[in-house]
Structures are given as structure tokens and as C-alpha cells.
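Protein chains: 2
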Amino acid sequence: MIKLIGGGVCAAKGFRANGVHCGIRKNKIKKDLALIVSDVPATAAAVYTTNLVKGAPLLVTKKHLANGVAQAIICNSGNANTCNANGVEIAEHMSELVGAIAGIDQNDVVVASTGVIGQPLDITPIKAGMPALVSGLSADHLGARAAAEAIMTTDTVAKEVAVEFEVGGKTCRLGGIAKGSGMIHPNMATMLVFITTDVKISAEMLQKALSTDIQKTFNMVSIDGDTSTNDMVTVLANGMAENDEIVSDGEDFSTFMTALNTVTVQLCRMLAGDGEGATKLLECKVTGAKCPQCAKTVAKSVICSSLLKSAMFGADANWGRVLCAIGYSGAAVDVDKIGVAFRSAKGTITVCENGAGVEFSEEIAKEILLEKEIEILVSLGEGEHEATAWGCDLTYDYVKINGDYRT
Amino acid sequence: MIKLIGGGVCAAKGFRANGVHCGIRKNKIKKDLALIVSDVPATAAAVYTTNLVKGAPLLVTKKHLANGVAQAIICNSGNANTCNANGVEIAEHMSELVGAIAGIDQNDVVVASTGVIGQPLDITPIKAGMPALVSGLSADHLGARAAAEAIMTTDTVAKEVAVEFEVGGKTCRLGGIAKGSGMIHPNMATMLVFITTDVKISAEMLQKALSTDIQKTFNMVSIDGDTSTNDMVTVLANGMAENDEIVSDGEDFSTFMTALNTVTVQLCRMLAGDGEGATKLLECKVTGAKCPQCAKTVAKSVICSSLLKSAMFGADANWGRVLCAIGYSGAAVDVDKIGVAFRSAKGTITVCENGAGVEFSEEIAKEILLEKEIEILVSLGEGEHEATAWGCDLTYDYVKINGDYRT
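These protein sequence lines map, in sequence, to chains S and A. Those letters in the first sequence? Residues 1 to 407, by this note's numbering. Those letters in the second sequence? Residues 1 to 407, by this note's numbering.
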């Protein structure tokens, strides 16, 4: 049984966190530097963006995680430290500072940055803020919350979730924080997500769990079709739950996968629902596909359509745009078998059957689509495979936020 | 020599056109039915959308053009006649009406529809409007203009262009009209474009000219990433310029290709600049690519980025988003060699060299980006290939237009 609990990245035993304003951002009430530390070295796994332009912090993190071990995560917001001549040097300097002040090996530090691309990142405020950041580390929810807040960019809410479950009779916990909320269209990797757990698991199985899970979670999220240069998901597992180490497939690994998936799906929903400018969370659920990839391709194409996203903002049941997005998705589908319905807390309405429109009440459709969470249900009628993708509506505020992001 | 002239689709000898309001749209001042007729049967070529969901008119047109001959084009706006149970029947009925009233073979009629997907198209207003449409056909610019206006949907300006050139000592003309302006992301085919010419050319060479040209023109345009269900480009060549028939490659074919390209590039610029809600035309010019496809992939990725499009709306020189879009494009590029500059009527400003930012004046960049036509110049420093893609900025109005398109 998987139980939702509080505590975010500090829910698991042996993790402390903090977030402070150190001065990378001009706005003094916005925290801009986060730190998560495990009491003991932890097994670590990560996946990274597939964008060829990679943030310098990712290059440093990749090097540090080569041995599958990490003990801390440092992350700043307000500057992506990407496309800068001295980016790697600055990222190394950040881990060096954490190592020196927190007393851990600097090669066990995960480094991440998020914000504007192409502006040099000054180490001065980070150096100045480090003592307060480290001395304020706490194992309670306040610490986790501060870290979740410090990694936010255009996010309007901090995103954290944690679960409790049992592995081999031992109580284990796993929690994560995430930041969106634009330039989100993960591909084989994903946006910034930090997950901590006290489960004892080998580095190999931890990486397997993560790499498998993201295919159906973060890789199925799109806010705006732009795959970031700094996407990263990291999991630290410090083993302090004292379960028998998970070293192979089996019941324990399945339990861990389910716990991980519970957290990642919630983070996906939070990321999508808080997409830049979004007023609605959109979930496209595809069923009846003849292959798993067909289902995913269709779901993601629908969730990425600017036209459909705009229609959802206007609560307009313009299902022709769903059909259109399925048609150009690249998946081989039989158009004449497609069915479409919209569902929300107000009910469900079928708008298309066998590839053609059916009569429906525009009033009821409007009422359903005015809700904050909308499911777009697509049935392909060709097989047993299914997939879900998450996104949000396209709004005036997306344009506003991104028309002058740097100022 | 290719000379720009007036006259649109009526510039070439032997073509008449007209556009009327017949009642498909409620707004009585918006024309909704266009007709273009050649005095004699013409050689015809066409390319169609690759969307699996195809408008019924395309299926009928494909059948009618199987023999490479057409004499008329009928096109309504206000309804796409797509995803309707009786769509093919209605499209056939439209060509039947044209055939009967204009006195031509109904199998020589190209049928096109544009507008909302999934609402039955009533033949009644089309039937009622046909006599006025046919009796008003005219070979002067007023006829061409009326046709250009009648195919508009959310377009804000009618799009037409024509050229004059010589083939084997004979004066030839070629003109076209196009409609945008949302659901535009052509792929191997394109949006609605009708081109007429009096050049004498074989069906095979006409198709070759068109299929070659669109790879560098319409297929390089994107307004919103949504590939329409009803995209089509058709060229009718009626041979009335009396040049020796073009039946193979050579000087005459090259001249024709250049004339065609002159018209299609202008139509691309018009389509992009008048994209839904657009305030700016964006042209991404990529040079120094190691292969033609690399250049095209990079140019199109940049022009499709919602983040960059929003930044351009805000006249914000956020070049990191250009790098980001290049990085996730899928093209294999050496990031450390990328250069980026912005250019407009106010001048040129370099913002990135060797994959990293250079110091530049934000004031001058702002002044350059406040213009209506912006070039994004990307140099890859790896070879000799280049490509251009056209698009537009992402604005509040795009969201507004598409939030309630159907109402």
C-alpha cells in the first residue's frame, strides 16, 4: 500500500533541505538557492535533457554521478548557467562550496541551475549565501518547502509530494520536488525534479526504475513544445530505511516502482497544471491503441496542439482539432474508428464517434470545459494499449510571461 | 527576367475568377465562395496535406486530377467539410454544380473547403450562390481579388501575387492566391494555394516543378505547428501563352521554376506575416550547415519555438531560446560553432558567437526587434548549405482568435 504523506524531499529518513535568497535574483522575497543533503552518501540515478545545447551544471553532475553516488543537491534559480564561456567552472565552484561548508566530498554533489540562458552566472552571491543555506538545513517540512520554493522560476506554486510504503517489512518513504513551468517538453529526459528516498537499492536498479518510469510520466508532459537545455531528474536513495537492498526485479522492486510512479505522476500533474500562464490542467487519455508507442504519440500530439490548447482556454468543445492533431501525429491510426469525449468534475460528453461528429449539447460541453481539470478521452478502437499525456491550456498570460521574460 | 505584376490568379491569359457571399457564413459582408475557371482545359498539378485526417474535398480533387487535367477550382470558406459522414457526396455535388452551370466536365473541377472541422456542410447556399458566382466571373483584377477574399478565414488581408516572364520568346504569366492563417505547419504538402499560369507545360513537369518548389517554400512555413487536414496547393497551366511545351529539364523549365518560386516565396511571406494574431513576420535564415536537411531542420525548429515567438512579440532579444531550439531540433550540429544575429530595417545586431553570448546593446536590439519584419540569422559554421523558414510571433490575439473560433 502506498500512502500519500507530507514532507516533500525531507519525508525520507536522513534528508535535510533548505532554500534562501542569496541575490542571484533582484527580487528579495524570491528564494533563489536550494540545497538538499543526505546524512550519509546515497545511491544516485539521473536522467538528463536530450537537447544538444546542455547546461554546464548537467555536464558537471554527469561527471559526479559516474560512480552512482551522491550526497547533496545544490540548485539555483534565476540563471541557467548555460551557453556561458565559464559555465563548467562556475558549476564546479558551486559543488566545491557545498563540499567545503557541508563537509562532504565535492564529487558527491549534484549541481543544477534554472533561469535565463546565456547570461554569465556570478558566483559571488552563491558564495555569500552558502553559510546561511547550510546552517539552516532542516529535516522537517519547512526545509523541504524552502527548497521547493527556491527552485521555482515562473512557477506559481511550489511542487512537492511524498509517499510512505513498505519494503520487506520496513517502512520506507520517497518524496520529490519539481519546478516548471515553461520550456517544458521533455524528451527522454525531463525538467528539474529532485527525489529523495530512504530505500536501500542498488545504483543499477535505481537507474532502471527511474529510466523506466519517466517514459510514462515526465516524457508525457508538454507545456509549450520547447525541450529545455537544463532538464534533469535526480533520485537519491540513502538506504536509511534499512530494508534488504533491492538488487533485482521482484516484489520489492515492483513496490518501489509503484511508489516512485505515485510521486512522479503527481509531480507531472502539478507541472502541467501550473504551466506558464495556464488556467487548466489537460490530461489526454488514449485507449484502444494497437501499440504502446501509437498511444503515446497520439496522446502527446493532442496535448501539444496550440489550437486545441487555445480552444480549451476558451472552454470551446472544438473536437475537430483533436482529430486534426491525431491525424498529423505520425501514428498510423484508422481515422474512421476514432472516438472523442471530454470529461471533468461536471461530467462526460461524447463529441465524436467513428471519426465523425455526433450531436451534443454545446451548453453541457461548455459547463464541463469550464472546470480546472479537463480529460480529453480518445479511443482508437484498434487494440488494447493506452497512454496518458499531461499539458495545459494556451493563454494570454503565456504570451505575456514570455514576451519579456528577461526583464 | 521575372517581373512582378498585378492581376493575381487572373494575370495569366484565359483565366477568370470571382468570389461571392452565398450564405455558408452568417456574416454577410464576408465572401465565402470562390471560383477560378480556365477558358480551356489546363494541365494540373497538386500536393496535399499528409495529415491522416483528410478533408473530403481533397479526396474528390485527387480523383479528379488523376488524369492531370482540370479547368476550374471551386472553394468555400466557413466550413472545412471534414469529418462529416456525407463529406465526399457534398464535395462531388459542388463539382457537379460548377460543371453544369459553367459548362465544363465535372471531373475537371478542383474542390476545396476551409473552416471548421466536423460540422456538416449544407449544399443549399452553395447551390443558391452558384448562378451569381458564375455570371460574375471576370478576367480582370477585380475577379481575382474577389476569389482571394472569398477563401479567407481568419486572414486579415487577401494574399495574391503574380509575375511575368518569357519562355522561348513568348510572354508568360503566373499568379497565385493563398489563404492562412492558423493550423499552418505544412509537411510535404501545404495550406490552400491556387496558382494559375498560361505556360504550356506537360503534367509531369508541372508536378515536378510544384513538388520540388514546396520543399523550400510552403513546407518551410509554420504559424502554430498544427498541420491542417485540408492543405492543398494546385497549379493550373492552360498553355495559352503558346510557348513550345515544356516537356523536360532545361532552360525553359528553369525559368518556369524561378517564376513559380518568386510567387510561392512571396505567398509564404504573406502567409507567415498574416499568421493568426501575428504582429511580425519572422524569417529564420540558416547558413553554414553541413547538409541541406540540417539547415531546414534548424530553421524550422527556431521558427516553431513558442518561447522564441513570444519573445519576438515582446521585442526581447532572448537569443538563448534560439540556441535552445537549435539544440532540440534533432539536427546534429556543433553547438560551439553557432552564431546568432537579429536583423531588420533598423540594422543588424550579433548576440551570440561560438555558442556563447557576446555583449550587445539591449537598446539597439530593442529598436531592431520593434520592426514588423525580423530576420533571425543563424550561422552553423560547418558547411555550405542554407535554408530559410517563415513564421510569426505568438500573441494575445492568437489565443483570443482560437479560444472561441467556432462562435
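Calculated from the structure, these hints are not laboratory results. Check each hint, because a few of them may be wrong.
Because identical chains share one entry, a pair is satisfied inside a single copy or across any pair of copies.
Claimed, not checked - Cross-link-like lysine-lysine pairs, in silico, DSS-like; alpha carbons within 25 Å at most:
| # | residue 1 | residue 2 |
| --- | --- | --- |
| 1 | K170 | K400 |
| 2 | K28 | K63 |
| 3 | K62 | K337 |
| 4 | K26 | K366 |
| 5 | K216 | K372 |
| 6 | K13 | K208 |
| 7 | K346 | K170 |
| 8 | K346 | K366 |
| 9 | K290 | K366 |
| 10 | K30 | K366 |
Outcome of the hint check:
{"no.": "1", "hint": "K170 / K400", "verdict": "neither (49 Å within a copy, 54 Å between copies)"}
{"no.": "2", "hint": "K28 / K63", "verdict": "neither (33 Å within a copy, 67 Å between copies)"}
{"no.": "3", "hint": "K62 / K337", "verdict": "between (46 Å within a copy, 23 Å between copies)"}
{"no.": "4", "hint": "K26 / K366", "verdict": "between (42 Å within a copy, 22 Å between copies)"}
{"no.": "5", "hint": "K216 / K372", "verdict": "within (23 Å within a copy, 42 Å between copies)"}
{"no.": "6", "hint": "K13 / K208", "verdict": "within (22 Å within a copy, 68 Å between copies)"}
{"no.": "7", "hint": "K346 / K170", "verdict": "neither (41 Å within a copy, 68 Å between copies)"}
{"no.": "8", "hint": "K346 / K366", "verdict": "within (10 Å within a copy, 47 Å between copies)"}
{"no.": "9", "hint": "K290 / K366", "verdict": "neither (32 Å within a copy, 51 Å between copies)"}
{"no.": "10", "hint": "K30 / K366", "verdict": "neither (38 Å within a copy, 27 Å between copies)"}
In the structure shown, a violation is registered for the earlier hints numbered 1, 2, 7, 9, 10, in ascending order.
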